[in-house]
Amino acid sequence: DQQVKQNSPSLSVQEGRISILNCDYTNSMFDYFLWYKKYPAEGPTFLISISSIKDKNEDGRFTVFLNKSAKHLSLHIVPSQPGDSAVYFCAASHPNTGNQFYFGTGTSLTVIP
Amino acid sequence: ETGVTQSPTHLIKTRGQQVTLRCSSQSGHNTVSWYQQALGQGPQFIFQYYREEENGRGNFPPRFSGLQFPNYSSELNVNALELDDSALYLCASSDYGSFYNEQFFGPGTRLTVL
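Those sequence lines, one after another, are chains V and E.
For the first sequence, the numbering used here assigns the number 5 to the initial residue and increments by one for each residue that follows.
For the second sequence, the numbering used here assigns the number 44 to the initial residue and increments by one for each residue that follows.
Any given hint could turn out to be false.
Quick list of the computed label-pair ranges, beta carbon to beta carbon [what the hints assert, rightly or not]:
1. PRO104/E <-> GLN85/V: 39 to 49 angstroms
2. PRO117/V <-> GLY71/E: 18 to 28 angstroms
3. PRO105/E <-> GLY64/V: 37 to 47 angstroms
4. ASN31/V <-> GLU95/E: 42 to 52 angstroms
5. LEU110/E <-> THR49/V: 23 to 33 angstroms
Pulled a few chain V residues facing chain E out of the computed Cβ check, cut under 10 angstroms [to be verified]:
6. GLN6
7. SER16
8. GLY20
9. LEU38
10. GLY47
11. THR49
Sample of chain V residues at the chain E side, in silico, Cβ under 7 angstroms [claimed, not checked]:
12. TYR43
13. PRO48
14. PHE66
15. ASP88
Don't read these hints as lab results, they were simulated from the structure.
The beta-carbon is built from N, C-alpha and C at its ideal position, and this holds for glycine as well.
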């Protein structure tokens with residue numbers, strides 16, 4: 005049962021434009037969400053997080069938006085750079101499971117120079 | 044500051060064998076979580092260790108077991124290997140002092156079961 009879903013396996017964006025990666029979840033108990041970036045042959049690297057008490061969190065070029073009623077979050081990267089090309093995973097956790105994270109299947113982002 | 048390290052990098056085993064994977068947590072971290080990432084999938088939580096005790100477990104059978112040592116390093120043991128156990132095994136360390144804490148991942152061990 006996939007509780008966190010990323011329905012777009014891949015995304016291509018021109019350098020300098022906005023990249024929007026989407027994530028949906030089914031468990032209304034989730035209260036903390038994270039985005040990780042993964043390069044080949046490396047482990048996932050934490051990018052940005054958001055608590056369910058917020059609807060937006062921004063860190064430099066990266067912004068995460070949370071729509072709790074729609075059970076949807078998105079990661080915006082502006083402007084996109086070639087070095088952003090990687091696989092992006094969203095993850096979620098809820099109070100009952102503490103540090104257990106539920107990951108989506110990932111979206112492979114390619115930023116074209 | 045030393046990051047999370049895992050050994051070995053790659054491993055090939057046959058069905059029915061047993062395997063031990065190792066993880067050294069990042070300096071200052073007291074919690075280790077293990078994940079299995081099958082091809083084309085996201086990481087799936089196996090279990091977490093805090094203060095040498097299992098502190099949460101995902102939907103994995105008992106043949107997946109683990110240990111955490113006083114220096115917070117950890118092992119993942121898998122008995123009676125099956126073909127479906129072929130995956131990337133990721134270890135992540137964190138500081139349990141904060142309830143919401145980012146997990147820092149190692150590069151993973153690629154296990155192939157033939």
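Results for each hint:
1. At roughly 43 angstroms, the beta-carbon separation of PRO104/E and GLN85/V lies within the given 39 to 49 angstroms, and the hint holds.
2. At about 38 angstroms, the CB distance of PRO117/V to GLY71/E disagrees with the hint of 18 to 28 angstroms.
3. PRO105/E and GLY64/V have their C-beta atoms about 44 angstroms apart, which keeps the hinted 37 to 47 angstroms range intact.
4. The beta-carbon spacing between ASN31/V and GLU95/E, approximately 30 angstroms, falls outside the hinted interval of 42 to 52 angstroms.
5. Checked against the given bound of 23 to 33 angstroms, the beta carbons of LEU110/E and THR49/V, roughly 26 angstroms apart, stay inside it.
6. With its C-beta approaching chain E no nearer than about 9 angstroms, GLN6/V sits inside the 10 angstroms limit, and its interface hint holds.
7. With a least beta-carbon distance of about 19 angstroms to chain E, the hint placing SER16/V at the interface is violated under the 10 angstroms criterion.
8. Hint status for GLY20/V: violated, given a least beta-carbon distance of 29 angstroms to chain E, over 10 angstroms.
9. Given hint, LEU38/V at the interface with chain E, holds; its Cβ is 7 angstroms from that chain's nearest Cβ, closer than 10 angstroms.
10. Checking GLY47/V against chain E by beta carbon gives a least distance of about 3 angstroms; that is within 10 angstroms, so the hint holds.
11. Using the Cβ-Cβ criterion of 10 angstroms, the hint placing THR49/V at the interface with chain E is satisfied: the shortest such distance is roughly 7 angstroms.
12. Because the smallest distance between the Cβ of TYR43/V and any Cβ of chain E comes to about 10 angstroms, over 7 angstroms, the interface hint for this residue is violated.
13. Here the hint on PRO48/V is kept, as its CB sits about 5 angstroms from the closest CB of chain E, short of 7 angstroms.
14. Annotation: PHE66/V was flagged as interfacial toward chain E, and the flag is violated, the nearest CB pair being 14 angstroms apart, outside 7 angstroms.
15. Violation of the interface hint for ASP88/V is found here, the shortest Cβ-Cβ separation to chain E being roughly 18 angstroms, above the 7 angstroms cut-off.
Of the numbered hints listed earlier, those contradicted by the structure are 2, 4, 7, 8, 12, 14 and 15.
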